[in-house]
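Undergrad: Given chain E's structure and the hints, the job is docking chain S onto it.
Chains E and S supply the protein sequences, listed in that same order. 101 is the number that our numbering gives to position 36 of the first sequence; each next residue is one higher, with no gaps. 466 is the number that our numbering gives to position 360 of the second sequence; each next residue is one higher, with no gaps.
The hints are simulated quantities; they were obtained by calculation from the structure and are not laboratory data. We treat Cβ as the ideally placed atom computed from N, Cα and C, and that holds for glycine. One should not assume that every hint holds.
Covered by chain E, per the in silico footprint, the following chain S stretches (three or more residues, Cβ under 8 Å) [as the list claims (entries may be wrong)]:
#	stretch
1	263-269
2	321-334
3	483-496
Once the Cα atoms are required to be at most 30 Å apart in a straight line, the calculated DSBU-like pairs of lysine-lysine come out as [claimed, not checked]:
#	chain 1	residue 1	chain 2	residue 2
4	S	K393	E	K414
5	S	K310	S	K233
6	S	K433	S	K233
7	E	K126	S	K280
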Amino acid sequence: MLAVVDHATPLSAHIANWLAAFVGLEPIWVFHAVGALVVATGVLALVVTPVGLGGVYLERKLAGRIQNRRGPNRVGPYGLLQTLADGVKLLSKEDIIHRGADAPLFRLAPYIVFLSAFAGFVVLPFWPGGAPANLDVGIFYFLALIGLETIGIVMAGWSSNNKWSLLGSMREVAQVISYELPLGIVAMCPVIVAGTMSLSGITEVQAGPIWKWFVFRDGIWAIVMVPAFLVFYVSGLAAAKRAPFDLPEAESELIAGFHTEYSGMRFGMFFLPEYALMLSISAVTSVLFLGGYHDPLGMSAEGGSMHGVWWWGLIWFFSKTTILFLSQLILRWTLPRLRIDQVMYLCYKVLLPIAMACLVATAFLRLFFS
Amino acid sequence: MSNTVSETPAAANPNPSQIQGVKLSGERAVPVIPRDIQTDELVFNMGPQHPSTHGVLRVVLRTDGEVVLEAQPLIGNLHRSCEKILENLTYVQGLPYVDRMDYLGALNMELGLVLSVEEAGGVEVPKRAQYLRVIMCELNRVISHLFASGQFGLDMGAFTPFLYMFREREEGLKLLNMVTGGRLLYHYIRYGGVTRDITPEWAKLCLAWCDRVLAHMPEYDNLLTWNNIFLNRSCGVAILDASTCMDFAVTGPCLRAAGVKRDLRKDMPYSSYEDFDFEVPVGPFEKGVVGDSWNRYRQRLMEIHESLKIIRQAIEGLPEGETQQKKISRAWKSPPGEAYVASEAPRGEISCYFVSDGGKFPYRCRMRGPSFQNIAVLELCSRGLLIGDLIALLGSIDITLGEVDR
Chain E
66 MLAVVDHATP LSAHIANWLA AFVGLEPIWV FHAVGALVVA TGVLALVVTP
116 VGLGGVYLER KLAGRIQNRR GPNRVGPYGL LQTLADGVKL LSKEDIIHRG
166 ADAPLFRLAP YIVFLSAFAG FVVLPFWPGG APANLDVGIF YFLALIGLET
216 IGIVMAGWSS NNKWSLLGSM REVAQVISYE LPLGIVAMCP VIVAGTMSLS
266 GITEVQAGPI WKWFVFRDGI WAIVMVPAFL VFYVSGLAAA KRAPFDLPEA
316 ESELIAGFHT EYSGMRFGMF FLPEYALMLS ISAVTSVLFL GGYHDPLGMS
366 AEGGSMHGVW WWGLIWFFSK TTILFLSQLI LRWTLPRLRI DQVMYLCYKV
416 LLPIAMACLV ATAFLRLFFS
Chain S
107 MSNTVSETPA AANPNPSQIQ GVKLSGERAV PVIPRDIQTD ELVFNMGPQH
157 PSTHGVLRVV LRTDGEVVLE AQPLIGNLHR SCEKILENLT YVQGLPYVDR
207 MDYLGALNME LGLVLSVEEA GGVEVPKRAQ YLRVIMCELN RVISHLFASG
257 QFGLDMGAFT PFLYMFRERE EGLKLLNMVT GGRLLYHYIR YGGVTRDITP
307 EWAKLCLAWC DRVLAHMPEY DNLLTWNNIF LNRSCGVAIL DASTCMDFAV
357 TGPCLRAAGV KRDLRKDMPY SSYEDFDFEV PVGPFEKGVV GDSWNRYRQR
407 LMEIHESLKI IRQAIEGLPE GETQQKKISR AWKSPPGEAY VASEAPRGEI
457 SCYFVSDGGK FPYRCRMRGP SFQNIAVLEL CSRGLLIGDL IALLGSIDIT
507 LGEVDR
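Bound conformation, chain S alone:
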């Protein structure tokens, strides 16, 4: 692993020698087996039916006992050629397919495609629709982060926090269900707007839910975040420093936990994100080393706070008006043109390079997904980890295989 890239802030990389070669586990180095003992290497097939690969990821491990020498992620078990399908369906027909990419942040996936198409076609989106998109996407982000944090706890062997987070997630899914009609895959954001408006009653329920999530955050902290065993398992484990993140185009919470302040909602605002007042939390946090597993976990919890802030502001400042551009019909097609718009999904940057030749179908929809980019770092970052730490790495990167394989 090269640490010669000088872009890294000094604080992000306290001791470069610690990151090279043998990984840290707290302050103790992982035991290295002396070379004069002849041992065979084991080749493991982790997945696609492994409980902690978060789907159908297959990782081929070469290990020395428990110490991972090499971890090669083999992806493609869930490949459905989403991008090609989009080229063979009309605009309106194709939209639900992107939901199936990152099924835990489906609304953000829709937004990724829709923003590019609207940019290329010059479609104006009413202000109210933009705010509704923000509300729903942030709701989706909170739910996704709750899932990811709980799942990370589960990977560390703590079952209970997972179910505590699912309690709030369930309520959030009900809220989404009330508006969009779907619990996981929504098909809510359309070209030029959104399908349904919210009611004042729903807004009240949603604000109450935000309060409830905030009230429950200390519960997660007591149960998991500050748990000594959990800290020992995740602090200083699987460090993903800023330069590595940049080399591998890692985005999202993983990048921010490594100390890089990059959030497209702030840096290149889309869909009226510039109207809202929120912070971009970045690592390092209270414990551990910048960019370690614990910081990535903490990053998500901190982002939940900010997302709730955005939801509250958007509901309170929701402008009056249309929720959908009237001229977008079922047979709508984009005028010739191309566009590339990136947006911030729960797992990182989702963007679409969209080309239209003016025909019935899109000419090309090339999606750039965060999970696909983030999983690439696994091979480099897993060297010298114990198998338990590899699980921590996988869990804290938080990938969705539907989006890796598309």
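Bound conformation, chain E alone:
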């Protein structure tokens, strides 16, 4: 049913139309609002649950395996409910806003971070036509949300009235202005090839077997796309504030960085978005370079046996995302942390020139080869 939805109409509009037809009442905008709410709730339910229960559990279990220990194994079968228990613990903890804090900003900051991390899922094409909101400027919207998260973090650092927090948020700003340039520029490479900024559109251009994915596209594009993919991946690590780029938190240096003063569920509001951001950045990486919901054999392409089958696309989308997510976890538990000047050096003097070269080369290739 969902698979036949054409890409131009958002999912919420379909729900609105169906509701309007079912109830038969005016005005139609009410149904649009209801449709949007249903989609938003659905995305949150579908995304927060796997992120909260899956992502955190996966990380802890994997970290345990890497570190020669077992990881969570007490709450529920195989420790699966550990995250749930932690959530209950966070909710029941005392909510402290200390006297020196700027209370309104202090309260607001976690929500901004939470919102910007989870709102990114709205534009992801989970299966053919399965983007909750198929924006024409999908990738632009996504990058803008990553920038918005920074505001929440700076807000948290400033309102905490704690010098370590402030230092953490200043590091975050320094990091953002460093990684956003290469991140934004290499994201334009697939956009140039696809001719659209919509994530669904970019995925559709990559329909077909593995050599149609942008990272290997027809062999010749690999010259440009492989470095672009690597730059995007590394910048994405920095965007998710994961090791080796976890400087804003930098436990051994800044205690807990920008969320030093947060406790209970307010801390949870910083903790969960980190995983959400990791997942959404992995998903966007897979959409931009690894063919999104297309399988490597081209069965989901036009004329293939699985063309338009929504669960087939979902399987491939999630497996690609999960592989990238796991690679981030493995890096997290293997590598030490960079220093702030090394992060800036890496982003400005290494990644940015590569990104620029990729962009120019993509433009030329596009001119001569397509």
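TA: Chain S in isolation, oriented as in the chain E frame:
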């Protein structure tokens, strides 16, 4: 920082201008904020509840953004007046207190006190007891170095190597536990000997453990030592050159990593260390500049190899005989006299100036601890470092606050 002291070997100080003023980070100088931009200095209170001060050290930082202008270590949060307590307890009662100084190298602390008291009192220690002391102290040194290296990795943000090193440390603690009955604080070395003998089974277990640690060393190297990020973070960072070390009486791995070959086990052998064949590794090592953070880290790993060699030789050549002088009773007291004996603890030289007036209690026990001396260099060495580098400096000097504050 003065580099005019000519005692420094030329190789130890390749470019004096690099060490003065702005510190190096690899080949790139730390960015200096232009003076025409008006910025305020921040005063940070690092510790006593900071995760990387290795205990309850408090460092007051004056920084320009992330660049440290001044770092003043304020010690004393863990002060228990150990030396005064020793003056008010009988000899036998006082001994467990020195364990609490450097709790990561507790056996070496015991040895520091016991050697001085025995020297002053003219107590002969049976050869077997001397060998047992060596075995246990070296075991303790390996464990302590594993802890320090892992902790340094943790300070650099690498969590996993820490737990890998703890795996071997745990096994070593079990070995110590089997003989001494304690995992951290042992009270094993007594005046005139040691409390318990080892069994052949234990010796076998210990040798197997030595092999295991050696087998795991490449794992640490692959994971941490040769990691490019780790090298970038620690090579050329927080250089502690030989002349500074000598000015501040820095001893132990920090001094040897700066290229000075001074190890009391070799230079002034005590407790039969002259019987064993081992090397004293000194910096510079494969990467970095002599006396930088990476060399200090590497120094400890190299010393683990040598300590394992000593343990093996001591177990294989363990002489028969008593483990304890029979005439040392519970009410034993030292005849009048004084002595100063220095020995090599994991963090540097531990020594005790001991005076006895023949009474029930020691007249004076002045301990000279390595951590207390080594931490003094922080103020000088931290100027111009980034906060991340300051953590590297603290972690690579490797202090134990119990011994700094005593």
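Undergrad: Confirm or reject each hint.
TA: Verification of the hints:
no., hint, result
1, 263-269, "holds (count 5)"
2, 321-334, "holds (count 3)"
3, 483-496, "holds (count 4)"
4, S:K393 x E:K414, "holds, 24 Å"
5, S:K310 x S:K233, "holds, 21 Å"
6, S:K433 x S:K233, "holds, 16 Å"
7, E:K126 x S:K280, "holds, 27 Å"
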